[in-house]
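The sequence shown begins at 0 in numbering that gives the first Met the number 0 and counts up one residue at a time.
Hints in this document: simulated from the structure, not taken from any laboratory.
Just to be clear, a hint being listed does not mean it is correct.
Simulated restraints, written as ranges between beta carbons of each label pair [claimed, not checked]:
#	residue 1	residue 2	range
1	73	35	11 to 21 Å
2	73	24	23 to 33 Å
3	65	40	22 to 32 Å
4	50	8	52 to 62 Å
5	79	30	34 to 44 Å
Owing to the predicted nature of the structure, the values given are computational and were not obtained by experimental measurement.
All C-beta atoms in this analysis are idealised placements derived from N, C-alpha and C, irrespective of residue type, glycine included.
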Amino acid sequence: MLDDSVIRRKRTQQRERERALRRLVRDREKLAALSAGGSEERPIHVTSASVIEVRVRHLACPQCSGEYKIQDHRAPASGIRSVDVTCQICGVSRTLWFRIVSAEAN
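Put together the whole structure using the sequences plus the hints.
This is the structure we're talking about:
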């Protein structure tokens, strides 16, 4: 027969593991928002709109390293593009930001 304290400790350990995993998810999302492409203030620089979808295919989900599926590709302002993506493995959705810059030297 199991002691009540053993059962409580197992539940406590499980809750602690779950809390740690939630913190890890939050931390990874914060890091993704601060990295290149994570916000309009930190876009990924590309030379043409035609390479954006190729670049997205080479990016990995920060949660599970899965591949993205493009949901929508918009141009909210001149020279800036937002791409809504969903991870094909974990299902997390996010918006990636790109800025089209000239490849010509000044």
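Range hint compliance [Cβ, residue 50 to residue 8, 52 to 62 Å]: holds (54 Å)
Outcome of range test on Cβ distance (residue 73, residue 24; 23 to 33 Å): holds (26 Å)
Residue 79 versus residue 30 beta-carbon gap, inside 34 to 44 Å or not: Check failed, 22 Å falls outside 34 to 44 Å.
Residue 40 and residue 65 - C-beta distance against the hinted 22 to 32 Å: holds (25 Å)
Consistency of beta-carbon spacing, residue 35 to residue 73, with hint 11 to 21 Å: Since the Cβ atoms of residue 73 and residue 35 sit about 19 Å apart, the hinted range of 11 to 21 Å holds.
The structure does not agree with numbered hint 5 stated previously, though it agrees with all others.
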